[in-house]
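**Q** Okay, here's what each chain looks like letter by letter:
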Amino acid sequence: MCRIGAIKSLTPVSPSRALQLMLPQQEGHDNSGFAMVMQDLDGVFAHYKDKPLLSLACTARGEQLVNAYMEEHGFVQMAQWAPDVDKRPDLNVAAMPRYVFRNYDYPEIYRYRTREEREDLLLDTRLSLRRLLTGRDGAPDEGYVYSFWPDVLTLKEIGDPADIAVYFRLWEENGRLVARNIVTQCRQNTNYAIVRYAAHPFFLQGYTLCANGENTFFSRNRDFQKPLHRGYVGFESDSQCLLYTLHYVLHELRWPLPYYKHVITPLPLAAMSERQDREALVCVRESLAHLEINGPNALIALLPDGRMIACCDAKKLRPVVVGRDDGMAAITSEVCGLNAILPDRDTGKDIYPGGRDMVVIDNQLEVRQWRQ
Amino acid sequence: MATVSVQDVSCNDLPWMVTWRQDKCVLCGMCAATCTADAIHFVPSRGGGVRGVALRQRADMKYVCTGCGMCRKVCPQDAVQPVRNPDNRFPLLARIDGPLKRGGRSNLNPSRTLDKLVVGRISQMTDPALDSERHTFDLRAPLGRVLPVRELPLRVEGEKLKLTSSTPPVRWIYPLLFSDMSIGALSTRAWEAIALACAYLNEQCHMPVRMCSGEGGMPAGHSK
Chain U
55 MCRIGAIKSL
65 TPVSPSRALQ
75 LMLPQQEGHD
85 NSGFAMVMQD
95 LDGVFAHYKD
105 KPLLSLACTA
115 RGEQLVNAYM
125 EEHGFVQMAQ
135 WAPDVDKRPD
145 LNVAAMPRYV
155 FRNYDYPEIY
165 RYRTREERED
175 LLLDTRLSLR
185 RLLTGRDGAP
195 DEGYVYSFWP
205 DVLTLKEIGD
215 PADIAVYFRL
225 WEENGRLVAR
235 NIVTQCRQNT
245 NYAIVRYAAH
255 PFFLQGYTLC
265 ANGENTFFSR
275 NRDFQKPLHR
285 GYVGFESDSQ
295 CLLYTLHYVL
305 HELRWPLPYY
315 KHVITPLPLA
325 AMSERQDREA
335 LVCVRESLAH
345 LEINGPNALI
355 ALLPDGRMIA
365 CCDAKKLRPV
375 VVGRDDGMAA
385 ITSEVCGLNA
395 ILPDRDTGKD
405 IYPGGRDMVV
415 IDNQLEVRQW
425 RQ
Chain B
18 MATVSVQDVS
28 CNDLPWMVTW
38 RQDKCVLCGM
48 CAATCTADAI
58 HFVPSRGGGV
68 RGVALRQRAD
78 MKYVCTGCGM
88 CRKVCPQDAV
98 QPVRNPDNRF
108 PLLARIDGPL
118 KRGGRSNLNP
128 SRTLDKLVVG
138 RISQMTDPAL
148 DSERHTFDLR
158 APLGRVLPVR
168 ELPLRVEGEK
178 LKLTSSTPPV
188 RWIYPLLFSD
198 MSIGALSTRA
208 WEAIALACAY
218 LNEQCHMPVR
228 MCSGEGGMPA
238 GHSK
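Protein chains in written order, with our numbering: chain U, 55 to 426; chain B, 18 to 241.
So that you can see chain B by itself, here it is in the shape it has in the complex:
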């Protein structure tokens, strides 16, 4: 069985559906020959149809039944007619740019353009192309009381600036960012995991990472 995708077109998506009465049909073939949009054709049908043959509407945006009714006009038995389909998704599917991709969770819409992009190196994304192996990026941010520049205790000595007194302590840290979701919305398990990771990075890897506990503070039992 071929893979089926949510965005595949089926007859139920089209504005008109062709209904075929197999008890009345005598397989004259006039309807398929006359169809102005070439939307219906006879196909072999195992276990159904009339003597192994069934009338099938094409599930294809190029051959869309327009409801003209010629099939009904030429059918000697009134066995076929187009019926309006109130559940059609034609406006979504017939767009010039292709079917409308639904947003939301990726299980509903597996193939989005951004998913198809493959970025092998950062130099592919930056303009001009930068090579991360040659060009380093300083990701740290200052945490502390940074003085406005006019308040810095600096004195000019020749070609140099000299600090004449102490300044408030400022630490440069890797800010730990957890997407842009409220950290308070995490489960306790996720919270624990981040706290463990933060401790590991500080103590084992000696990276000055800080974690924001978010609104609500740490869950009870964590400050042991």
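If we strip away everything but chain U, and leave its shape as in the complex, we get:
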């Protein structure tokens, strides 16, 4: 159980907005963690939007290892935002020693390579860094590498979200760290130990996803996904399967967006048999049966082209609401969060997606609702 949220704004906003969205939602999170992914950055990263940005939380030795690796592989450092952290003693934050948010330029040999080759390079680099920072016993001793992608920044931390914001000075709206899209999550304690890689939102090659709920088909999904793509690793959280399915359907198979919903929550066979496109739907269901999810879920995803989507599992057992005003749209678990950041919106236009709906917000803030 946790609380998820996403903001899409025409003008760049600071992470404090995301915190204002999440902090009122105290029905569903217990202030044990905060994580966010920012996309379409402005501020200090405004001039490097096409250069990959590395988001890393590590020890001193971890940073050394990463620096050595990147240099060896030809990446040239271009810009860095080293958060000037506020190390007040009474903060409830389990902070790592170093935080690295660094823009690199591609290695020289990649100057004329295709977009796909660059995407593969970025993924492989991130996976190598992840392995580098992992000790022999599998524990990420030296740090966590969250994302390495142009125009994307990830910050994940354990502790009270308000204190995390104080620590990273996110309350100070100085315009340095701002973005048009922010996907965020606040954690509710589970039976499992806190692992930073298990924190939503998850990121893979431009696709970001966070979910609230449980995926009870986790082992089935994981066993099917592991051999599909080298990027499907980790599985610290059962909700990572949702991201990997999104990546597989949209990036690998290149199917239209509605088919993500058809894969994760297939229609019952009786309902399918009455539709015109039943043959394709039945084939999709048969071949990707192992990517079906089960259990209560509400998810928010951000696509590489900036579209934001929200949908739920078929039985609609986790809350999610979409609202907007003229300059900003937001998706979140509890409507009190929307009231905090969009108090003057027309609440009559709020959308509460059902079990068969998908809501899509595009870059012009047009909100479309599609029924399966």
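Since the hints were made in silico from the structure, they are not lab data.
No residue lacks a Cβ here, since even glycine has one placed at the ideal position from N, Cα and C.
Treat the hints with care, as some may be off.
Claimed, not checked - Which residues of chain U face chain B? A few of them, derived with a C-beta cut under 7 Å, are:
| hint | residue |
| --- | --- |
| 1 | Gln131 |
| 2 | Met132 |
| 3 | Pro310 |
| 4 | Glu333 |
| 5 | Ala334 |
| 6 | Cys337 |
| 7 | Glu340 |
| 8 | Leu342 |
Please build the complex by placing chain B on the supplied structure of chain U, with the hints as guidance.
**A** Chain B alone, transformed into the frame defined by chain U:
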């Protein structure tokens, strides 16, 4: 007569049994008064004992004879003494969580925890609670040659996927499961019954149920 259960404690389960010689006992009562565990007492006894009274060891885990021998020490007649019981089930019965429940067939162990659970609705068992009347479950499984997704003849047309050629036939059936026992171990009668049920479900109820014949195939005479 009260109901007796297999797990009831009797004196034969205890590590020490108190033997009482009724031909020697003079009913002084010293043994019962002295017993350190309060394990023995005198009870009325019809048709036995000494003048209608007998010494009885308590069949109770709280008052267990420890074999200290005080009863023998104080008895003027040496009529009572504790004897070690090699057949005792004390380690099984004296567990903190209660007596060890034996597994196996339910006639040996009638009251197990799972037997005591009463599930009225599926919503009691699922987490979160689901109401089977509101939430349907699709139990069918595909039978046939399912193509790997990359081999599906699909083409993207706008926002839709279109099937461009035929695919191998796949039927969605209710798989008929008969516990997890080898179907070949069933008797012919049980086999016939399942085959009849399968035919009934298909022909009368129009449910696409299939039956696996198991190793060994169908018994002779069935394929008439």
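**Q** Taking each numbered hint in turn, which are not upheld by the structure, reported in ascending numerical order?
**A** Structure breaks hints 1, 2.
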